[in-house]
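Participant: Protein chains in written order, with this note's numbering: chain S, 1 to 120; chain Z, 1 to 171.
It should be emphasised that the hints constitute simulated quantities derived from the structure, not laboratory data. Predicted model, so just to flag it, every value in this text is computed and none were measured. Glycine included, C-beta positions come from ideal geometry on N, C-alpha and C. Hints are supplied without guarantee of correctness; some may be wrong.
[What the hints assert, rightly or not] Here are some, though not all, of the chain Z residues that point toward chain S, as calculated from beta-carbon distances under 10 Å:
1) 107
2) 142
3) 152
4) 159
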Amino acid sequence: MAFFHKKDGVIILALLGLGLALLLAVSQWAPAPGRVEIRLDGAVVGTYSLSRDQVIVLPQLPAVTLEIRGGKAAFTRSDCPDRVCIHTGWIGRSGQYAACLPNRVSIWITGGSEMDAVIG
Amino acid sequence: MKKSFSARRLAMLAMMLAMISVLAYLEHLLPPLPMLPPGVRLGLSNIVTLYALFFMGRRSALSLAVLKSGMVLLMRGVTAGLLSLCGGVCSVLVTVLLMALGRGRLSYLVLSIAGAITHNVVQLAVASLLLGTDLVFYYLPVILIFGTLMGSVTGVLLRVVMPIFDRISPR
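Just chain S, with the same shape it has in the complex (with noise of 0.2 Å):
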């Protein structure tokens, strides 16, 4: 048996081509929609889906906006001093969260297909 074959470019290229391809399928195909929950002081207070666009403002916080775009959230208003919570930016993936300490109030993104385990 030989150690290089001069066809074994092309059984390389085809294997590229088709992990590429698959990439590609893969990345279309919708995962099931995430949904996010607003908790305020800690207890949760609605879940929202985020395969809907839509404007949150919480009657307990009216200074406070959550908007969900593109299947993703994010604080997009609100009166705290540090404006840490807009600054987290748009979330979506799950386990992610953004968090407006001075109100108490922040999102969390849950469901979804995702993979976050790490194996040694």
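Using the hints, position chain Z against chain S.
Facilitator: Showing chain Z alone in chain S's frame:
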């Protein structure tokens, strides 16, 4: 039953296991690449296992794969050891199968790639089972790409270091 026990072979396998352990340890020190599932590495230790499979026989290669898993078990614990065992053994078995099916027409490079891809896929599958997630499908394309690349690197490196192996034991 022919007992072809050879002290020389035993010594050589022991040395190869040592090489495998060092290579596995070294490449584990490298940080994992971002896009890849954690646990996917260069597979440098496979250079040694491949040499065993191609030039010393299936039993030697399988022994090295199993023993390597034992080393991983000692170095990194049960989960890692289990993943290494499943990945390593399946990798060798698939390569053996391809060697038989290919009837000598598949090059070592292609066999190396097949082994690399199999190793990664099986490891990931076992990890998915343990964690109860559907990791496999998402990482399959990435594994195909990187398995091909890394398998090629391993195959080429085997060719490059052949003289070293030859010096230890004539083929």
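Participant: Decide, hint by hint, whether the structure agrees.
Facilitator: Tested hints:
Interface restraint check for residue 107(Z): the shortest CB-CB distance to chain S comes to about 4 Å, inside 10 Å, so the restraint holds. At its closest, the beta carbon of residue 142(Z) sits 7 Å from a beta carbon of chain S; the interface hint therefore holds under the 10 Å criterion. The interface hint given for residue 152(Z) is met, as the beta carbon of that residue sits about 6 Å from the closest beta carbon of chain S, less than 10 Å. The criterion of a C-beta within 10 Å of any C-beta in chain S is met by residue 159(Z), whose closest approach is roughly 5 Å, and the hint holds.
When the structure is compared with the earlier hints, no violation turns up for any of them.
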